[in-house]
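Colleague: For reference, the chains in residue letters:
2 protein chains.
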Amino acid sequence: MDDQQQEALTGAQALVATLADNGVSACFANPGTSEMHLVTALDGEPRIRSVLCLFEGIATGAADGYARMTGTPAMTLLHLGAGYMNAGANIHNAGRANTPMVNVIGDHAVPHLKYDAPLTSDIVGLAGPNSRWIKSADRVGDTGKLAAEAFAASYGPKPGPVSLLLPADSAWLEGGAKGEVVTPPPLRAVTAETIAAAANAIAAASKPVMVINGTALGEAGLQAAARIKAAGVRVLTDTFYPKMRRGAGVFAPERMQYFAEGAMADLEGSDLMLLAGTSAPVAFFAYPGKPSLLVPDDCNVFDLGDASTDSAASLQALADALGAKEAAPVEALIQPDVPTGDLTAQSVGQSLARHMPENAVVSDDGVSNGLMSYLPTQNGQPHDWMMLTGGAIGQGMPLALGAALAAPDRKVICLSGDGAGMYTNQALWSMAREGADVTTIVFVNHSYRILNIELYRTGAGNPGPTAKNMLSIGGPEINWVQLSESMSVPAVEVRTAEAFDTALADAIAAPGPRLIAAVVPG
Amino acid sequence: MDDQQQEALTGAQALVATLADNGVSACFANPGTSEMHLVTALDGEPRIRSVLCLFEGIATGAADGYARMTGTPAMTLLHLGAGYMNAGANIHNAGRANTPMVNVIGDHAVPHLKYDAPLTSDIVGLAGPNSRWIKSADRVGDTGKLAAEAFAASYGPKPGPVSLLLPADSAWLEGGAKGEVVTPPPLRAVTAETIAAAANAIAAASKPVMVINGTALGEAGLQAAARIKAAGVRVLTDTFYPKMRRGAGVFAPERMQYFAEGAMADLEGSDLMLLAGTSAPVAFFAYPGKPSLLVPDDCNVFDLGDASTDSAASLQALADALGAKEAAPVEALIQPDVPTGDLTAQSVGQSLARHMPENAVVSDDGVSNGLMSYLPTQNGQPHDWMMLTGGAIGQGMPLALGAALAAPDRKVICLSGDGAGMYTNQALWSMAREGADVTTIVFVNHSYRILNIELYRTGAGNPGPTAKNMLSIGGPEINWVQLSESMSVPAVEVRTAEAFDTALADAIAAPGPRLIAAVVPG
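Going line by line, the protein sequences match chains E and Z. Each residue of the first sequence is one higher than the one before, starting from 0 at the first, in numbering that gives the first Met the number 0. Each residue of the second sequence is one higher than the one before, starting from 0 at the first, in numbering that gives the first Met the number 0.
Since the hints were made in silico from the structure, they are not lab data. Check before you lean on any hint, since a few could be wrong.
SDA-like, lysine to any residue: derived pairs with alpha carbons at most 20 Å apart [what the hints assert, rightly or not]:
| # | chain 1 | residue 1 | chain 2 | residue 2 |
| --- | --- | --- | --- | --- |
| 1 | Z | Lys113 | E | Asp305 |
| 2 | Z | Lys113 | E | Val300 |
| 3 | Z | Lys157 | E | Tyr114 |
| 4 | Z | Lys157 | Z | Ala279 |
| 5 | E | Lys289 | Z | Glu173 |
| 6 | Z | Lys157 | E | Thr343 |
I would like the entire structure built from these sequences, with the hints used as guidance.
Modeller: Structure representation (structure tokens):
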């Protein structure tokens with residue numbers, strides 16, 4: 000783009016060009032009238048793939064998946080405050096996954112705001128709490144500069160979603176200027192002194208444990224974690240993490256238990272807890288008479304840095320400081336036999352271990368069925384496993400969509416609860432539209448099953464018919480095959496382990512989106 | 000409930016009992032772990048009907064529809080900040096409709112908050128901007144008191160959604176006490192002096208116009224409006240209003256035009272604009288070079304009070320002050336012949352005029368097809384017409400659900416765009432579950448058609464293939480019959496005016512939910 004063209008840029012063009020210059024390559028969008036100039040600016044920007052989503056929560060979930068695969072934020076395009084709200088749960092989730100994301104929120108033209116038109120709202124107020132950074136480009140001349148600032152801010156200190164408001168007049172007016180190409184700030188490095196102190200603490204401890212997350216869950220980080228384990232430190236991941244390398248030949252840390260009482264029993268006697276790429280583990284929810292902080296009373300906590308640090312580098316340095324040798328080789332490929340009989344989450348996991356191709360990517364929003372599918376895949380082909388870290392169900396399918404577009408040469412498997420899947424079923428349409436190579440497995444148990452468990456754990460009393468009814472989604476049963484095919488994603492329902500195994504093999508063999516409704520016990 | 004029982008109330012029970020005592024009769028809910036005690040409290044409260052929704056935006060849209068019919072707020076039950084965000088767009092819409100609504104948002108137990116568990120967020124920050132009132136019941140002893148306060152606050156001064164946060168420990172602990180039965184504050188009354196001044200202003204004006212909304216759109220208000228019109232004042236409603244009585248024998252005001260240039264041309268020469276139950280009309284969006292405020296330059300504005308006033312009472316007083324006689328009788332029932340040929344929004348309107356039973360309720364989220372369906376129904380059987388006032392599409396089906404449950408003896412008709420319908424398609428499931436007597440008509444044009452219009456109006460340039468693609472939802476086409484039947488709502492697709500007429504007659508004759516996919520020009 001020469002200087003003359005630069006002169007004539009609209010604000011929308013300056014914003015889009017700046018993000019493209021910085022390496023943003025996808026925009027997940029649900030535009031409205033106030034975003035029309037952004038739509039045409041994207042139309043003229045071949046470096047950014049525009050993906051239409053039928054609900055804003057799909058857009059932000061997909062942007063999360065895209066960035067988890069590429070390491071670079073995707074852009075979203077949201078329609079004023081209401082569009083931001085629709086997008087909000089998956090922005091919350093992305094924040095809890097520390098995923099960089101640039102949410103561009105169209106707003107009314109600045110002179111129009113004072114008239115309080117129907118779609119006017121306090122967008123900065125609404126979006127502020129879940130934004131690492133938020134600004135409004137109230138002057139067309141600032142659009143490029145703020146786009147560069149937003150891009151950089153999405154990297155941190157702690158990576159996450161940022162919000163850039165673009166008033167319609169700042170979009171349509173000429174006078175935009177491209178912002179700089181910025182070098183994203185690297186994750187923080189832990190000092191040599193801290194590493195040495197951690198090594199000393201480990202030497203002094205009788206039962207040390209380390210909880211890891213973030214970059215430690217990549218291939219290099221896990222190699223270092225294996226060495227640290229060989230040096231006598233128990234290694235756990237957080238219960239939920241954004242992405243981990245797994246499978247044959249990859250060191251498999253244990254996983255922190257979900258239920259507080261189980262986690263505390265499991266950690267009993269640990270006298271040192273090192274934290275790398277995470278914070279002290281806490282119970283997902285509070286329960287009467289149960290602990291919130293999942294650290295034994297007499298256990299010292301050693302902080303090796305939260306998600307703003309490069310935990311892989313910390314672990315490599317710590318392994319060296321411990322003089323830890325290379326760990327023993329871990330188990331190679333184990334492919335189970337065809338599972339038979341009743342279809343369960345475990346048999347689903349066994350079939351996954353049998354059929355997942357090398358380098359597959361899993362998006363796990365399986366809720367109560369997630370863990371039992373997870374365990375059997377440990378020694379399948381090497382793959383990446385992504386989880387819901389923020390607890391707002393309805394992330395699985397959008398995340399899978401984004402991951403598939405970011406990594407078109409890899410098979411993506413989505414695990415979703417039926418309750419979770421209903422939140423964002425519109426993702427299926429974008430999968431079909433984009434030919435996304437995703438096999439979605441919906442665990443159909445006609446129930447918010449996790450809540451049936453939690454109802455008892457919270458001591459909320461004996462459920463009567465109304466309470467039971469509020470946790471059941473089986474009246475009427477949702478026909479997932481029809482739902483999926485209504486959006487042009489071919490689908491099949493299965494009720495036995497054998498039938499699932501065949502359906503999974505078929506779906507994985509076929510390019511493009513497929514859905515398997517896996518009817519499992521409620 | 001005697002004193003002994005009162006002693007043993009949990010906070011959740013105190014909250015629920017207080018709302019029930021105050022006349023709340025429905026709770027639209029999507030609960031999570033932190034709301035389990037609310038679920039069991041609702042289980043023990045026969046005065047409140049609990050309705051499960053598969054996405055929180057359904058719950059708030061339905062609560063809006065319920066309150067528009069009953070005049071009493073419904074309760075919703077939302078799961079922390081993420082649940083609030085999912086619910087947010089239809090809360091925005093309810094705010095713009097001035098609909099009272101009590102949103103109860105479960106939060107973590109107070110001692111748990113400091114650990115920043117995955118679902119923790121700044122709920123007061125997120126919910127504040129769209130709440131008329133917001134408080135957190137951080138002490139179990141306050142739960143009943145604050146429930147009463149929230150209920151009263153939803154009535155105003157300007158009615159709308161309020162947010163009551165209920166931490167899980169305040170829900171589960173005993174020590175709750177019921178709050179008072181409160182008398183909701185009435186809408187404000189305009190003074191006699193103001194009415195006299197308005198009458199004088201009308202007498203002095205050469206071309207007066209009055210824009211009305213709120214209670215003025217009920218039967219008594221419209222009778223007064225007809226008298227004012229007979230006295231020489233042109234009467235218009237806002238372009239979008241929460242609810243209006245219409246049909247044979249009911250005075251029909253004109254309707255403010257949507258597009259700014261059309262509205263301004265229409266109002267040219269008006270030298271006095273009275274506002275009753277509303278604010279000065281403004282353009283829905285800003286456009287380059289077009290006005291925001293839809294009031295001619297030399298036109299005086301006379302404020303008879305916004306949505307916080309009883310505009311029906313204002314109009315009756317004004318009609319008396321003008322000495323206005325009873326207006327001439329308005330047109331009686333006109334039922335068109337069977338429309339023939341291509342299916343259009345207009346032919347849909349003609350069929351509605353033919354088949355809508357007396358006292359039907361219409362929920363209109365028809366977007367670009369709304370107006371052409373609206374006009375032909377003017378002289379159908381008397382009915383109530385409800386509109387999307389907040390501009391966040393995806394309200395139509397949830398609103399219809401709530402209206403149907405509030406008025407089980409009335410037929411509800413939902414008009415939805417296909418783009419709008421996809422936002423909240425999960426409403427169909429709750430319609431099936433509750434046997435809601437709703438006939439949903441989806442205008443299937445495979446397009447965000449309004450945006451194709453707006454793309455040109457905003458001067459966003461000639462759309463290239465990417466831009467056109469971002470406004471088309473036809474690749475792939477959504478199969479609405481499959482989608483609807485996947486959630487057990489019987490459905491049919493029609494492509495001619497005659498076929499639609501038959502399908503509508505059939506759907507209206509059948510009790511319970513039905514869906515008609517009306518394929519109209521794109």
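Colleague: Does Val300 of chain E sit within 20 Å of Lys113 of chain Z, going by the straight-line distance between their CA atoms?
Modeller: Given pair Lys113 of chain Z, Val300 of chain E holds - Cα atoms ~17 Å apart, limit 20 Å.
Colleague: Is the Cα-Cα distance between Lys157 of chain Z and Thr343 of chain E 20 Å or less?
Modeller: Violated, at about 53 Å.
Colleague: Take a quick look at whether Lys157 of chain Z and Tyr114 of chain E sit within 20 Å of each other, Cα to Cα.
Modeller: Given pair Lys157 of chain Z, Tyr114 of chain E holds - Cα atoms ~18 Å apart, limit 20 Å.
Colleague: Given the hinted pair Lys289 of chain E and Glu173 of chain Z, is their Cα-Cα distance within 20 Å?
Modeller: Holds - the C-alpha atoms of Glu173 of chain Z and Lys289 of chain E are around 17 Å apart, at most 20 Å.
Colleague: Keeping to a limit of 20 Å between CA atoms, is the pair of Lys113 of chain Z and Asp305 of chain E held or broken?
Modeller: 17 Å, holds
Colleague: Would the hint linking Lys157 of chain Z and Ala279 of chain Z be met if the CA-CA limit is 20 Å?
Modeller: 16 Å, holds
When each numbered hint is compared with the structure, a violation occurs for hint 6 only.
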